[in-house]
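What follows is the residue order along each chain.
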Amino acid sequence: MSGEVLAFYLLAALAAGSALGCVIATNIVRMAMCLLGTLGAVALLYFLLSANFLAVIQLVVYAGGTLILIVFGIMVTSRTYGEKLKPRTSEALIGTIVVLALFAGLVAILLRAPWTPVAPTEPSNSVAQIGQELLGTYLVPFELASVLLLAVMIGAAYLAQPAKKE
Amino acid sequence: MSTIELLLVTGVLLPLASFVLLAFVGSKLGKPASGWVAVLAMAASCVLAAVALMQWQGLDAAGRAAARSAPVLWATLGGMPIKFGVNLDSLTLIMFFMVTFVSTWIFVFSVGYMAGHSDEIDGVSKFHRFFTYLSLFGFSMLLLVIADSLLLLFIAWELVGVCSYLLIGYYFHKKSASDAGIKAFVTNRVGDFGFIIGLGMVVLFLGDLSLAGAAERFHHEFTAGGPLFSRTFCGLSLATWMGMLLFCGAIGKSAQFPLHVWLPDAMEGPTPVSALIHAATMVAAGVYLTARIFVLLTPEAQQFVAIIGCITLTLAALVAIVQTDIKKVLAYSTISQLGYMMLAMGVGAWIAALFHLLAHAFFKALMFLGSGQVIEGCHHEQDIRKMGGLIRKMPVTGLTFLVGVLAIAGAGIPALWMPNHMKLGLGGYFSKDEILAVAWHRVYGENHGENEVAAGAEIQNPKSKIENATVGTPPPEPRPLSPLLFWIPVLMAYVTPFYMMRCWWLTFMGKPRDRHVHEHAHESPLMYVPLVVLALGTFVSSYYLFRPLVAAAAPHPFLTASYDGAAAEAAEAHATMISHGAHAALATRVGLAFVVGFVLAWLIYRKGLAVGEKLAAALKPVYTVLVHKFYFDELYGLVLIGGTMALNAVSYAFDKFVVDGLVNLAAFVTERLSWFSGMIVDQGVVDGAVNGVGRGTWSLGGLVRSPQVGRIRNYILFAATGVAVVVVWIAFV
Amino acid sequence: MLTVGLTQYLVLAAFLFCCGLFVMTTKRNAVGILIGVELVLNAACLNLVAFSRYRVGTIDGQIATLFIIVLAAAEAAVAIAIFVNYYRTLATIDVDKGDELRG
Chain X
1 MSGEVLAFYL
11 LAALAAGSAL
21 GCVIATNIVR
31 MAMCLLGTLG
41 AVALLYFLLS
51 ANFLAVIQLV
61 VYAGGTLILI
71 VFGIMVTSRT
81 YGEKLKPRTS
91 EALIGTIVVL
101 ALFAGLVAIL
111 LRAPWTPVAP
121 TEPSNSVAQI
131 GQELLGTYLV
141 PFELASVLLL
151 AVMIGAAYLA
161 QPAKKE
Chain S
1001 MSTIELLLVT
1011 GVLLPLASFV
1021 LLAFVGSKLG
1031 KPASGWVAVL
1041 AMAASCVLAA
1051 VALMQWQGLD
1061 AAGRAAARSA
1071 PVLWATLGGM
1081 PIKFGVNLDS
1091 LTLIMFFMVT
1101 FVSTWIFVFS
1111 VGYMAGHSDE
1121 IDGVSKFHRF
1131 FTYLSLFGFS
1141 MLLLVIADSL
1151 LLLFIAWELV
1161 GVCSYLLIGY
1171 YFHKKSASDA
1181 GIKAFVTNRV
1191 GDFGFIIGLG
1201 MVVLFLGDLS
1211 LAGAAERFHH
1221 EFTAGGPLFS
1231 RTFCGLSLAT
1241 WMGMLLFCGA
1251 IGKSAQFPLH
1261 VWLPDAMEGP
1271 TPVSALIHAA
1281 TMVAAGVYLT
1291 ARIFVLLTPE
1301 AQQFVAIIGC
1311 ITLTLAALVA
1321 IVQTDIKKVL
1331 AYSTISQLGY
1341 MMLAMGVGAW
1351 IAALFHLLAH
1361 AFFKALMFLG
1371 SGQVIEGCHH
1381 EQDIRKMGGL
1391 IRKMPVTGLT
1401 FLVGVLAIAG
1411 AGIPALWMPN
1421 HMKLGLGGYF
1431 SKDEILAVAW
1441 HRVYGENHGE
1451 NEVAAGAEIQ
1461 NPKSKIENAT
1471 VGTPPPEPRP
1481 LSPLLFWIPV
1491 LMAYVTPFYM
1501 MRCWWLTFMG
1511 KPRDRHVHEH
1521 AHESPLMYVP
1531 LVVLALGTFV
1541 SSYYLFRPLV
1551 AAAAPHPFLT
1561 ASYDGAAAEA
1571 AEAHATMISH
1581 GAHAALATRV
1591 GLAFVVGFVL
1601 AWLIYRKGLA
1611 VGEKLAAALK
1621 PVYTVLVHKF
1631 YFDELYGLVL
1641 IGGTMALNAV
1651 SYAFDKFVVD
1661 GLVNLAAFVT
1671 ERLSWFSGMI
1681 VDQGVVDGAV
1691 NGVGRGTWSL
1701 GGLVRSPQVG
1711 RIRNYILFAA
1721 TGVAVVVVWI
1731 AFV
Chain E
2001 MLTVGLTQYL
2011 VLAAFLFCCG
2021 LFVMTTKRNA
2031 VGILIGVELV
2041 LNAACLNLVA
2051 FSRYRVGTID
2061 GQIATLFIIV
2071 LAAAEAAVAI
2081 AIFVNYYRTL
2091 ATIDVDKGDE
2101 LRG
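Protein chains in written order, with the working numbering: chain X, 1 to 166; chain S, 1001 to 1733; chain E, 2001 to 2103.
Fair warning: there could be bad hints in the mix.
[Unchecked claim] Straight-line distance between alpha carbons at most 20 angstroms, and here's what the computed DMTMM-like set of lysine to aspartate or glutamate pairs gives:
#, chain 1, residue 1, chain 2, residue 2
1, E, Lys-2097, X, Glu-91
2, X, Lys-86, E, Asp-2094
3, X, Lys-86, E, Asp-2096
4, X, Lys-86, E, Asp-2099
Everything labelled a hint here was simulated from the structure, so no lab data went into it.
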C-alpha cells in the first residue's frame, strides 16, 4: 500500500467520520467542530489531488472564514438557555431511510459506472495558470462573483443592522 | 523602479494613506488632529517631491533616461496591453512639487479656516470629513500628474471630478452649495463625454493608451497616411477630431468656454477648496492634460484650442470687471488666466503655457487664501462694496494679496529698458509676456525674420538640455494665425490689472464703507503664515526656477517636426520669442499694461464706489450684459431646461391627442364588446365553467395544503426523497 | 486490495453529500442547516476536483470549485445575517418556529 493510498484512506476516514459526527451531534458547537474536521480533511484531499492552490484556499476561506462566520452565528443566536432542539423522531426515521436509499443508489451507480481506467493526469495547477484562466476564459464569472460579493456585503450589513429605534 | 520614481509613488500614496486613515478613524481623531494628519501627509509628499526634484536636477540626460523604468503590465484587454507606470520627466517633477507645495500650505490654512466654521451636521462634528476629501483630492491630482497612460490619467481625472463635487458641495445642507456641486459635476461630465469618445478613438486607431506609445503610433500613422489622417468627418481629419475630443475634457475641467459656467458657482465651497481647485488641482488638470496630449493635436486642433482659449480669456476678463463678490472676481480671473494658458497651448507655446500654469498656481492660491482670510475676518462678508480700508486691520493679508495682484497683472520692467536685457518682474510677468511673444511670432513672425537670426545667441536652453532630443528634419514654416489671436489677448492684458486692482483697492484701501464689517476685521497667524510663504513663492517662482525645467520636458521634437513642427517650432519660437524683436514689439504694446490698468482702477475707485456707479449707469447696456455674465446661465437654462420642457410639451400633446385618442377608441370598442360578451356569453356559459374549476381548485388546494407544513426542513426532505427515488430507480430498476 | 481512483473519491463525496442532506433535513437549529449545506457543497467540490484530476486533465474543475468556495462564503454571510434577524424577531433559532407560510 503506497503512501498516497494510505493517506487517502486516512483522510477519507477523517472526512467521513467528521461528517458522521455532524449528523450525530446534537450540540451545535460540536457540529461546527466536526465540520472543521471535514473541511480540513477535504482540503488535504485536494493536496492529494494535486490541487494545491485550491487546498490552501479551502483552508483559508472555508476553515478560516466561513467556519468562523458560522461560529459567530452560533454565538449570537444561542443565548436562549434550555432550548433543546432535538430532531423529531419521525423525521429522523424518514430522513435516515431516504438518505440511506440515496447513498445506496449512488454507490451502486458509481460502482457500475463504466469508467475507462484513465491514468491520473497531472494538471499543471500552478497559481499562475489558475490566475490566467480566471482573468481570461472565466473573466465574466469572475467579475460577476465580485459583484455578487459586493451585493452580499451590502445585503448582509443591511440585514444584520440593529433595529431602528422608533 | 528607480529611486526618483519610488519617491514620487510614495508621495502619491501618502495622501491616499491619509485619506484612508481619516475616512476610518477621522471622527476619533477629532477637530484639529485630523486636519494635521492631512497636512503632515501632504507636507511629507512635498518633501519627497523636493528630494526627487533635487536628484533629478543632478542627473544628466543619460541618467534621466535611465531613471525611467518600464511600466508594469496590468491587464491585456482584447490584445491591447494596459500598462501603468510613472511618466518621469521634468514636467512631472515640477508639477508634482508645485501641487504638493501649494496644497500643503492650503491644507495648513484650512486647519485655521475650518476651525472657525460650524462643521456640525445633526450635532456631529464633520471636521475630519473635510480633510478626508482634501487628502483624496491631493492623491487624485498627484496620480494624474505621474500617470503615464491616458487610462490611468482618466481614472485620476474622474477622481478629481468626484472630489471637486464632494468639496464644492461640502456645505450640502445649503441648497446653493449642493446645487453648485452638482453643476460642477454635470458640466464636467459633458466635457468628459468628449474625452471618453476621444479615448475610444485612441484605442481604435492607435491601439495604445500609454502617452509615449500613443504619440509614437500617431506619428507612424501620419507618415503611413493611416485612416486617422486619410478619413475626414465634416471636413476635418479624424486625427483633428480626436485631438478636439480629447481637449473637450480639458474644456470641462479647466472651465473653458462654453463649459466655464461651473467655476464661479464653485465658490460655494469653503474658501480653501476654491484655492485648491483654482490653483493646484482641478483646473490645472485640464492644462496639464492638454500639455500631455499636445503631441496628438493636429494644427487644426491646436487652432481650435487657441480659439477656445481666446474666447474664454476675453469673456472672463470682461465679466470680472463688474463682479462684486471678492471670490467671484478671483474665479473669473482664474478662468481668464486659464484662457491664456489654453491660448498658449494652441499657438504652440507649450512651455509658456505650463510656465504660466505654475506661476499662476502660486499667486492664485495666495489670493484665494487672502480672500479667505478677509472673508473669515469680516464675518463671512464677501461683498467688496462693503469692505474698504482693511489694510489697517489686516496688513499681512493686504500686502501679500498685493503681491498676488502684481503677479497676475504681469508687473515687471520690460527687458527692453533694462541694461543687457536683464529681466526683472514677478512670475506672471514672464509667463504672460512669453505667451504673447509666441502668439506675436505666430502671427507676425514671418515678417521679422531678421530677429530670429539675432535670437540664436540668447537661447537659454541649449539643445542638450532638452530631454528626448532627437534630430528632426527642419520643420515646415507654421501657418500664420489670425491677428485676432494676438490682439485680443493683448487688449485683455490691459483689462486684467484693472479688475485686479479694482478688487484690491475696494477691499483694502480707501475708507471703510461698512463700520460693522470693519470693526470686527482681524487676522489669525495660522492663516497668514501660508499667505507669507506663498507670497515668497510668488517671488521665487520666476523665470529662473520653473521655466528651464518645463522647457526641458518639451515634447519630442521629431514627433511633430516632420508633421507640422509644432514642438520643434515651439523650441524655435521659444528661441525667437526671447529675441529682442518679439519682446521689443511686446514691450511697446503691453509692457506697461499693468501700470495703465492700475492707474485706471485707481482713478475710478480711489474715492470709493461713486465714480464706478456713475460709469455703470452711463454704460448701462454693457454693464447689464456683464453682470449677467453674458447670459450663459440663462442661455443654458433656456436651451437645456426650455428644450426639455418643449420636448415635454410636444410629447404631452402627442400623448393627449394621438395616444389617448387611440386608447379611448379602443376602450369604447372594448366596452361595447364586453357588454355583449359579459351579458350573453359570460354569465351563462363561462361562469358555470369557471365556478366549476374554482370549486375543483379549492378542493385540490385543500388536498395539497396538508403537506405544506411551513417547515423548510420538510421541504428539503421532500426534495431529497424525490432525488432518492430517481437515483434508486436508475441504480436498481 | 485498496486502491485510489476516481470511484473512491466519488463514493466519499457521495457519503459527505448524504450526511449533509441528512443534517439539512433533520437539524432544527438554523445554523445546523447551514452546516449541512456546507457539507453538501464540499461534496460537490470534491467531485469536481476529482473529475478534473482523473478524467479531464484541465484545471477547469478547480476553477469551478474556486467559484463554489466564493459563493459558499457569500451564502454563509447572508445566511448568518438572516439568522441574526430571525433570532431577533422570534427569539429562537429553531427553524420550525418560522412556519408562517404554513398552508
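Now the hints, each set against the structure:
no.	hint	result
1	Lys-2097(E) to Glu-91(X)	holds, 16 angstroms
2	Lys-86(X) to Asp-2094(E)	holds, 10 angstroms
3	Lys-86(X) to Asp-2096(E)	holds, 12 angstroms
4	Lys-86(X) to Asp-2099(E)	holds, 18 angstroms
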